[in-house]
Structures are given as structure tokens and as C-alpha cells.
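Novice: The primary structure of each chain is shown beneath.
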Amino acid sequence: MKNRLLPGIICYVITSLFSVAAQAERLNVVASFSIIGDFAQQVGGEHIDLKVLVGPGSDAHVYEPRPADAMALAGADVVLTNGLSFEGFLSRLIAASGTDAPIIALTEGAHVLDDPAGGHYHMNGDEAVFHAAAQDPHAWQSVANAQVYVENIAEAFCAADAGGCEEYRANAARYNDELAALDQHIRDAVADLPPERRSVVVAHNAFRYFEDAYGITFLSPQGVSTEAEASAADVAGLIREIRQHDAGAIFAESISDTRLLDRIAAETDLEIAGTLYSDALSAEDGPAPGYLAMMRHNADSILSALAPR
Amino acid sequence: MFRKFATSTAIAMILAPVAFAHEGHDHDDDLTHYRVFVGDHDKPLVTAFDLTEPEHRWSFDLAGQAKLFAVAGGAVVAAVQSDDDHVHFISSGIELHDHGDHTDLEVSDPAMLGAPLTGPRPFHLVDHGGKVVINYDKGGYAGIIEASALAGGTIGEANFPQSYPHHGFVAPLGPVWLGTVAADGEGARLGLQQFQADGSAVGDLAPCTGIHGEAFSGAFLAAGCEEGVLTATIAGGAPVFEMLPYPEDFPQDVTTGTLLGSTAIQVFLGNHGADGLVVIDPVDQPHFRRIELPFRRIDFALDPVRPAHGYVLTEDGTLHRIDLLNAEIAASESVTEPYSMDGHWNDPRPRIAMAGDEIVVSDPRAGLVRRISTEDLSEIGTIEVEGQPYNLTVVGGSGLSH
Ligand SMILES: [Zn+2]
Ligand SMILES: [Zn+2]
Numbered sequence: 094m095k096n097r098l099l100p101g102i103i104c105y106v107i108t109s110l111f112s113v114a115a116q117a118e119r120l121n122v123v124a125s126f127s128i129i130g131d132f133a134q135q136v137g138g139e140h141i142d143l144k145v146l147v148g149p150g151s152d153a154h155v156y157e158p159r160p161a162d163a164m165a166l167a168g169a170d171v172v173l174t175n176g177l178s179f180e181g182f183l184s185r186l187i188a189a190s191g192t193d194a195p196i197i198a199l200t201e202g203a204h205v206l207d208d209p210a211g212g213h214y215h216m217n218g219d220e221a222v223f224h225a226a227a228q229d230p231h232a233w234q235s236v237a238n239a240q241v242y243v244e245n246i247a248e249a250f251c252a253a254d255a256g257g258c259e260e261y262r263a264n265a266a267r268y269n270d271e272l273a274a275l276d277q278h279i280r281d282a283v284a285d286l287p288p289e290r291r292s293v294v295v296a297h298n299a300f301r302y303f304e305d306a307y308g309i310t311f312l313s314p315q316g317v318s319t320e321a322e323a324s325a326a327d328v329a330g331l332i333r334e335i336r337q338h339d340a341g342a343i344f345a346e347s348i349s350d351t352r353l354l355d356r357i358a359a360e361t362d363l364e365i366a367g368t369l370y371s372d373a374l375s376a377e378d379g380p381a382p383g384y385l386a387m388m389r390h391n392a393d394s395i396l397s398a399l400a401p402r
Numbered sequence: 023m024f025r026k027f028a029t030s031t032a033i034a035m036i037l038a039p040v041a042f043a044h045e046g047h048d049h050d051d052d053l054t055h056y057r058v059f060v061g062d063h064d065k066p067l068v069t070a071f072d073l074t075e076p077e078h079r080w081s082f083d084l085a086g087q088a089k090l091f092a093v094a095g096g097a098v099v100a101a102v103q104s105d106d107d108h109v110h111f112i113s114s115g116i117e118l119h120d121h122g123d124h125t126d127l128e129v130s131d132p133a134m135l136g137a138p139l140t141g142p143r144p145f146h147l148v149d150h151g152g153k154v155v156i157n158y159d160k161g162g163y164a165g166i167i168e169a170s171a172l173a174g175g176t177i178g179e180a181n182f183p184q185s186y187p188h189h190g191f192v193a194p195l196g197p198v199w200l201g202t203v204a205a206d207g208e209g210a211r212l213g214l215q216q217f218q219a220d221g222s223a224v225g226d227l228a229p230c231t232g233i234h235g236e237a238f239s240g241a242f243l244a245a246g247c248e249e250g251v252l253t254a255t256i257a258g259g260a261p262v263f264e265m266l267p268y269p270e271d272f273p274q275d276v277t278t279g280t281l282l283g284s285t286a287i288q289v290f291l292g293n294h295g296a297d298g299l300v301v302i303d304p305v306d307q308p309h310f311r312r313i314e315l316p317f318r319r320i321d322f323a324l325d326p327v328r329p330a331h332g333y334v335l336t337e338d339g340t341l342h343r344i345d346l347l348n349a350e351i352a353a354s355e356s357v358t359e360p361y362s363m364d365g366h367w368n369d370p371r372p373r374i375a376m377a378g379d380e381i382v383v384s385d386p387r388a389g390l391v392r393r394i395s396t397e398d399l400s401e402i403g404t405i406e407v408e409g410q411p412y413n414l415t416v417v418g419g420s421g422l423s424h
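From first to last, the protein sequence lines are chains A and B. Residue numbers 94 to 402, in my numbering, belong to the letters of the first sequence in order. Residue numbers 23 to 424, in my numbering, belong to the letters of the second sequence in order.
This is chain B alone, in the form it adopts within the complex (with noise of 0.2 Å):
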């Protein structure tokens, strides 16, 4: 059945730069469109193109260097600038409407959205349960975003206090506010509590030395500590957090700092370490399954096409498709030049993102974004970007045109 839907898939994107939406087709036209937005290393720009049609670009200013995240069910690409105090927001022109027995997709000019948000350093946004939430790590509180407003192209921040700056993130869970707390003072992170909407706290602290690298999959949410992987659900409207401790058996002194959740199934991918990664199931035993890499991990992805695999691209410029249900690396094809972990964290390296059946890899020193097949990770074409391309993000899908 699946096998049946992946290659109706490939079918549409072949289909997809000839049934393009806008050119009033008096029937119901099936298409798929992908729409990669890329943040320049040095430059403070953002360029768009669309996947299978490079030549249909587009490109933003912004005040810096961007992580870039699709918002807002991919309306929206955010342009988070940590070190430039920005948050742009820019309208995606690819809206999806999920109408149950069939999706619609409209395909338009992406465009950059009202006035951009500043505050003192944006970093982690978690986009869940209708909001979009950026902690800013200088300034002691973060900002909430109803979804469903900055869809419609509103950009409104409600502001939620912390009681010290940190470099942590807030999040809605349920019915709840869940937030980190750290100590007075150089901001140690000490774990995460609930709070109300107004920044006060309720109930007790759920402690996770150093929490880092929030994810929410099925019920769940994750986040990373020094001791294991902190979990929270929700029972009886209020929290129940668990904290997995890290397998005795595992290698030691290493963490889980960066966690993706899928939307799939209740499971979590993290990084264990700098070339582990870890399966984390948050209610069946083992919590923990490790897959050792052949060398550090540059960055990593879920399918959400193929829920059971998930991407890794490690220094030596291999591709790594991971099988998670096995916990095990199932295939392996280079496909750009070596990235040395050694050196700064935000050194130009390759980012990877998914599209539909392709991951697309940015490849910084080449100029280039590389589209790799999810099939046999061959490459199926580069696109040339300017300048050197980092940060991507990927918005689209499959759906009517009517």
C-alpha cells in the first residue's frame, strides 16, 4: 500500500512543472510542488527557488544569518537571525488544506511578511499545537505566535517572562505551557516546569542538567539533560514528566542535545554524542537504541514519507539512510566533498532537508543544492545557488489544484 503511494508520488512530481496552479485549468489538476528556501552563510539573504523548476526564484534580505524554519503548517518560512536580533517571516506561497478525503495545494510568489520581529538573540523556535514560539536567549522571555494568524499573513507577539535569560525554549503541551528554567547568573540550565500562559510557574521542576534540543512526537514531548532524555505527556490535564536515563551500556560523558520527533509514529531521533545517534521509543523498553557512525554527524533529518527512515550526513560527505525501526544504518552514498566537524560549530557545512522523495542537501563550498533520491540516495540534479548555501528549509506537498 505504501510502496503503491511512494511511486504515485514520483508520478506526480514528474507531472508537477506542467500542471502548475495558476494557469486555469478547468479541471482538478494532481500536483506536487516543493519549494526550498536556502540562507546564505555570510550573506544576510535568503534565496527560494522551486524544486523541479530552479529557474522560478526569488530572494530576501535579511539583517543576518539565518536558521530557517517552516511555520504555520509550511505557509510560513521563518528566518530566525540569532546574532542579529531578526526574526523575518515570509509567506511561503504554498498553502496545503488538508479537506480529509483530499488535500488542496495552491501555489503562489512567496513574499516577505509585514515588519520583522527583533528582540535580544532569537534561537530555538518550536512550532506546535498552533503556536509559534522563539525564546530569546538574551532577553528573559519569549515570544508566542498564534499559527493560525501568521498564516493568514499577522504577525502578533504575545510576550511570556522568564525569570532569567537563558538558551532555552517554551512550548505548548496540551492544554499546558512548559518552559525551561535556569539559574541566576551565567544561566545554567537546571530542567523544565509548567507554567502559566502569564510566565508563572506551577508545580514542581522536572530536572534535566543542561536541557537541550526539544522535539514533539505522538503524545510526547523530548528534550536532552545531561542525565537521559527527559519526557512529558499530558494525563488528567496536567504534565507527567519521565526522565530516561542513558543505558549503562552506552559510551559515557556523551549526550542527546538535538532531538526530531516523527509525526508518524510516537518516536524520536537524537543525536547521541557527536557520532552516535539514539532511537528513542518514550513508553516501550528499550527507551534507548544507539546507532554508532562511521564518523560525526553533520546533520540529520526524519522521512516523513517513509516514516521508518531517517538521514544522516556525517564529515566524510556520506548520506546514511537510517532504518529506525531496526536502529541501524541501511544504506550509505557520498555525496559531497568531506566537512570537517573540526572547528567552529557554524562553520559553512551542509544542511539537509526533506522533500517528498528527494533530501535536499546544501552544499555550502560547491555553491550548490543537491537533490539526492530517498530511493537509492543517487544524485538526481544540483541546483546552482549564489554565494554559499547553508541553512535550508523545505515547504510543499501533494494536492488538487481545482
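The following block holds chain A by itself, in its conformation from the complex (with noise of 0.2 Å):
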């Protein structure tokens, strides 16, 4: 009886050491936010195990670093980061972890442009969270630097995992095609834009990057104040300013609150003309699942809501 159930165990035994051999191969990969998890997916594919700590729809800004993240760092192989302090989360979250992963910030190498009002805001729900950089984290809103953190990521993938390099390289370079091309569309579609339409508006500005990529003007509420809700003169500046621009419409972001912006509206003869996604993906059902689907979507929209009519 014994002897004849043995090699049905020692086969079950072999297979079950091959699916963990196998699956100890994969590179264990954790990146900080949707973004990043989708360029870490395009150049790892099945080599990886991806884990996405700040996923779809959600604000890095105001993350809150969850035990099970500290414990994906601490299994980690290679921690993927924006940097320039976008993660506001991240060094608690490495001391927390205990990790000896490395820690990259895919931004190395990137064209980055300094923040001349010292950061930004977020509106989170009842409070504008002011997000503090010297330098603008949201490099990403540039195709051209979404190509540099691609080169970082095989890169690193390549120090962690030398055998699957040439597969990473490979990956890469398809995709930065894929970049390249979608770069390309961007920039064909703002030139068929009259030169004095090419202004819009949003809550809260992340797209300088696109802006000097691509020339299309972002206006958005600079002097927000802490408190909920920007002042009298806040709102009277910048309506001056989109008057001035002649901006063309007014965005939504899909991780912000869109009160100031029906104030803005109600008060010029512009209308909200959709929804941008500047720091998160969408949901898989959603425009932005990927980030060459949310930069079309951005595109098309803006360039949309410009068009002459």
C-alpha cells in the first residue's frame, strides 16, 4: 500500500519544488505607484511579481503605508520609486520594512524641472494638502522622460536579475517605441491647434511637464491656501489669468475634488470639459488603465476641447 503510493507522492513532491523553484526565480518587484507598476509590468512581464503599493485612482500624496507594503519591501528584490519627493511615505516605509532592496528613483536621468512655487496642491476631500518639492515630481507627464524611467527600470532589473537581462532590454525597446510613437501623435495633434488655443485649466498642476513637452498651457489655483477653500483673490487671479490665456476649457483630475474648479467654471463661460489623470491610472474598466492609454486620453481630450469648432 505504501510502497504504492510513493511515487505519486515523490511526483507531487518534485512538482511542487519545480512550481517554487519557479516561482523563486521571479524578480520580486514592488513599485510605489500605479504608473510605475505598469512600466515595471512592460519591461518584466513574466519574470517579475509585481506588487503596486499606492494602486488605480489613488493619491500617493496622502498614502498611508499599510503593514503588508512593509513586508513587500521587505521581500523585495528591487523597489521601484518616483524620487523628488514624491512619495512622501517612502522613508518611513523603508525603515519600517527593514529592507536591504535597492531603492531606485526612476527620475535619475530625467528632464526635471525645478517647482518655482516650492510644490503644489492637492484637494483631499475637504483639505488642500500642499505636496512640498523644489524640484516638480510629476516628470512622468513627459513622454520623453517616461522613456528614461523605462531605461532605469531595465536597468535595474538587469542588476538584480542578470540572466533575464536581455529580456528587459528587449521589452524595453519595444516599448519606448510604443513611447516614441505616442510622443510623436501628441505633438502632431498640438500643432494642427491654433497658436492662441492652446491654454486649459486645472485643479491642480501636474502637468508643467506637458506643458513643456508639448506647449499647451496649464492654468491652475497657485495661492490655495490650507484652508479648504481658496480666497476670493485666488479665484479672481487666476480667472484674470485664463481670460488673459483665453484658455479653451477646464479639467477635472481624477484624483481631486472638483469643487473650486465648478466655482472657476461657473464664474468664466467655461465648461468642465472632462477628466484628466495625472498621478494615478484609472481601474481596468476605466480611460487610463495603462500609461499609453491615460496620456492618449489626456491628449485627445485636451486636444478635443481645443479644436476649433
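Because the hints were derived from the structure by calculation, they are not lab data. No residue lacks a Cβ here, since even glycine has one placed at the ideal position from N, Cα and C. A portion of the hints provided could be inaccurate.
[Claimed, not checked] Per the computed footprint, the stretches of chain B lying under chain A, defined by three or more beta-carbons under 8 Å from a beta-carbon of chain A, are:
| no. | stretch |
| --- | --- |
| 1 | 287 to 295 |
| 2 | 301 to 312 |
| 3 | 327 to 339 |
Can you join these two chains into the complex? Each is in its own frame, and there are hints to help.
Specialist: So, in C-alpha cells, the structure goes:
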């Protein structure tokens, strides 16, 4: 009886050993937020087990790290971050995890813009949260920078897993070709706009890189105080700017509150023309489940709102 | 990365005694300074001393035995004297100013601030969201103090009325106020409710039988109840309550009544009965992970420098390091003689507090404060303190002195 069972058991043990080995070979990658998670998946493919800390639709600025996140960092081979103080929770989480994994700031080598205002505001429910940063962290909003992120990810994966390097590089090259096509698509579309119709209004200025790369001007209430509501003077200043620039549309943002924008829309002749995705992807069934889709959605929304009628 | 930080802190601590803040250096000094405040068990007295230079020592007279709280970012120590209806405030003399890229540290002598507050049985103190809130258990109200004004030396108290006097708490959570609610008569505690700043109730009571032991971590407030742990967080400007029931496979008829919240990750450490601790995750499952202790617990603390660690002292005199991520005891060392938990809750027994890379342990019977290394739980040294050193709190940290 025993003997007859044995081969079966051995077989089972061997298979489970193999599947354990196969899993152990996969690189444990932690990505700080959804956009970087998408890049990591594009480059890592089947070779990585990916954990994204701040998921689709969530705001990294106000994220509170959880024990499971610390556990993920503790077991990570590579930790991918944006850097430029984007992930305010990161140093606490690293301390909690005691991780030895390399912490890669993907903006390393990117074209980084200083932030003249020393930071930007996010509306989070009732609170305006100031995100202080000497340099603007939203570098992924220029596709050329996204390509730098992707290169950096390939390098980080190669350093952690030399065996998969060739594939990481190939995946990165393929994806960067898609990014190049996207970049061209946006440039061509903007070129078709009359030069005087290239301004829009957003709630939180996460689009300075987009502005810098593609020549669309983004107006946003800069003087939002830490109180719940922007002051009348702030709003008046913005309305003056909107008229000066002859802004063509107002956009809501996936992670921001729209009340301030509703006020601005009411005091100008502009309508809220749609929702842009700045700091997070949408859910799988939304318009921005991946970076390519997100940038296309943002560009197409802006361009169709500005297109001459 | 974290280990590098720990090492540099240790180095800074060795340098701290020579790099004193007020000696007029013409360059920036990187220094670490911890100051310990110890309340006596029997005498109405607080002794303060610098951890690495205990001959720098001060004492402050109170009205009675005090529980000590470092409040307003450590600028002030509150001495809550429940049996004697007083709350004294002592400016700690340690000021840390966060400038983003670095922290400034200024050191001066501690000093008693103004006149103490008085009221019927001040007990739980909450320091959160820029407010210091003291519950007056026999007064039927709480006193709300602006932390920034307190740090500046001004003690102003606003009155927050409650329906019935009880052993409870009032706390700000984001834009709202939450407060415990008790029944008329014996003051049986029923749960938690939202209030306006004038004490008028908003919305429904969140039931939490016998509610006790409030703490904050991340976006949550948590408190212990007979039926589980109640959590509260803010969504759309209003509180959202959730009762996390104790798991069925936990020892029954014991509860959580004391909670600590991590300032690094969103997690709580609470007691569960006399000889258990629970790691509580307010979001992810499992919400509770229990750690069985070999003896009954005397006191426990969380490590702000190594946020995955907590420490608990048990009645056999052993200090245990708790690994919060794996919910287990990671190391244990004997640090004091045994102190049985039989007898009254307020009998003189040790208390523990964190001071950077050290755990300070009051040892009332020995008349000592013991300095224990977080690295290996070994004793770094002892500091003699007159009388019976009991409740204690520590202020300080690392920063630059310009
Ligand atoms: Zn942002
Ligand atoms: Zn109590």
C-alpha cells in the first residue's frame, strides 16, 4: 500500500518543488504607484512578481503605508520609486521594512523641472494638501521622461537578475518604441491647433512637464491656501489669467476634488470638459488603465476641447 | 538604508555630550539630545535629566502623582494628576523644527509653564491634529488646548461639554470631533460619536461597549471595546466607523483596552487580555494577529526609529522585542527584578519609554532608570533617581544646531 502510494507522493513533491523554484526565480518587484507599476510590468513581463503600493485611482501624496507594504518591501529584490519627494511615505516605509533591496528613483537622468512655487496643492476631500518639493515630481507627464523611467527599470532589473537581462532590454526597447509613437502623436495633434488656443485649466498643476514638452499651457489656482477653500483673491487672479490666455477648457482630475473648478466654471464661460489623469492610472475598465492609454486619453481630451469648432 | 540611518544616529549620540547647543559654535553641529522626565510614585515630583548627561538635572513640584505625556511635538510635558485634579505643563527645553531637508534642534533648560489647569479627575490625554485634549472624568467635560499655543508657553483651555461624566476621551479626527458617550448613572461607556466643537452630537453613536484606549495611526483612530476594536476614519468629510470583532479563535472574555499607534505605517499594537498583545491592521485582513506573552504585561511601547519593532516588559522582569510585521516575540532579555502584576494596577512597577536607540525603563524598587539598547536589549547604564521613579516620558531627537 505504502509502496504504491510513494511514486505519486514523489511526483507531487517534485512538481511542487519545481513550481516553488519557478516562483523563486521571479524577481520580486515593488512599484510605489500605478504608473510605475505599468512600466515595470511592460519591462519585466513574466519574469517579475509585481506589487504596486498606491493602486489605480489613489493619490500617492496622502497614502498611508500598511503592514503588508512593509512586508512587500522586506521581501523585495527591487523597489521602484519616482523620487523627487513624490512618495512622502517612502522613508517611513523603508525604515519599517528594514529592506536591503535597492531603492531606485526612476527620475534619475530624466529632464527635471524646478518648481518655482516650491510645491503644489492637492484637494483631498475637504483639505488642500500641500505637496512641498523643490523640483516638480510629475516627470512622467512628458513621454521622453517616461522613456528614461523605462530605461532605468531595465537597468535595475538587469542588476538584480542578469539572467533575464536580455529580455528586459528587449521589452524596454519595444515599449519605448511605442512611447516614441505616442510622443509623435501628441506633437502632431498639438501642431494642428491654432497657437492662440493652447491653454486649459486644471485643479492641481501636475502637468508642467506636459506643458514643457508639448506647448499646452496649464492654468491652475496657485495660491490655494491650506484652508478648505481658495480665497476670493486667488480665484479672481486665476480668472484674470484665464481671460488673458483665452483658456479653452477646464478639466477635472481623477484624484482631485472638483468643487473649486465648479466655482471657476461658474464665473467664466468655460465648461468642465472632462477628466484628466495626472498621478494615477484608472481602474482596468476606465479610460486610463495603462500609461499609453492615460497619455492618449489626456492628450485627446485636451486637443478635442481646444480644437476650433 | 535604514541600517545606515541607525548607525549615524548611534554616532551622533556619542558626539552629543560634547556638542552642546548653547556653546556658541560657529559651524552647524549635528546633535542628538534626549531628555527624560520621571514622575515619582509617592511624592508629587517630576525629575528631568538629560539621558547621556544625567547630572544635568531638574525637579518640579506637583500636586500629586502624575502620568507624563510629551505633547505639542515634544515641546511640552504634561503632568496629569488624576487623583489630585491638576495638570501641570513643563516646557521640555528641547525644540525640534522640521525644515524638510533637515531638522533644527535647540536645547535649553526645562521650566514649569504658568499656572496648572485644575478640574475634576483629569485622566486620558489625547495629543493629535494640533490639539491637546484632556478628559475630566468627574467633570463631564473635556478641555481642548491648542498645541501651538502651548508650545509657545500659553495654556488656554476651551470647554467641551459631555452629556454625563465618565472615564472617556475626546479627539479630533481630520475635520471632525469624536467623543466617547456614556450612559447616565454609573457612567457605563457605550461607544463613540461625532460632535461639534460645542459638544452637540452629530449622527449616530457607533457602539463600542466599555470603550477604552484610543490611539491614532495613519488615517485611523482605534479604540478597544468588549466586542472588538472600533476604528474610525474620514471619508467625504465625515467619520466612517467600523467594528473589527475579535477573531473566534482568540481567547474569549478578554479584550483590548490599551492601544498604541505607529507613526510610520498604519498599524496598531494593543493588549489583548493581561498576557497577550495584538497587532491590528485597520485595513487589510487579518485585522488581528495575537502574540502570546509568557507572563502578564507591565508596559509596552512602539519604536519610532525602527517602526517594525515594539517592546513589552512582562512581570518576570523580562523585556521582549516584538516584531510587528510577523507578530512575534523576536528577542527577550531580563532587565529588572520581577514585579508581580498581582495587587493594585497603580502599585509601583516599571514603565518603559523610547529614546532613539535606547529603551528607558523606570525601576521604582531599585530607584533607577535603566538604559537598555534596542540593538540587543543589553543594559547600557543606569541613572539613579531619588524616590520611586515610576511614570516616564522622553523628549528629543536628532537635528542640527546652527
Ligand atoms: Zn501631484
Ligand atoms: Zn483609562
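Novice: State the violated hints by number, sorted upward, taking the hints as numbered earlier in the document.
Specialist: none
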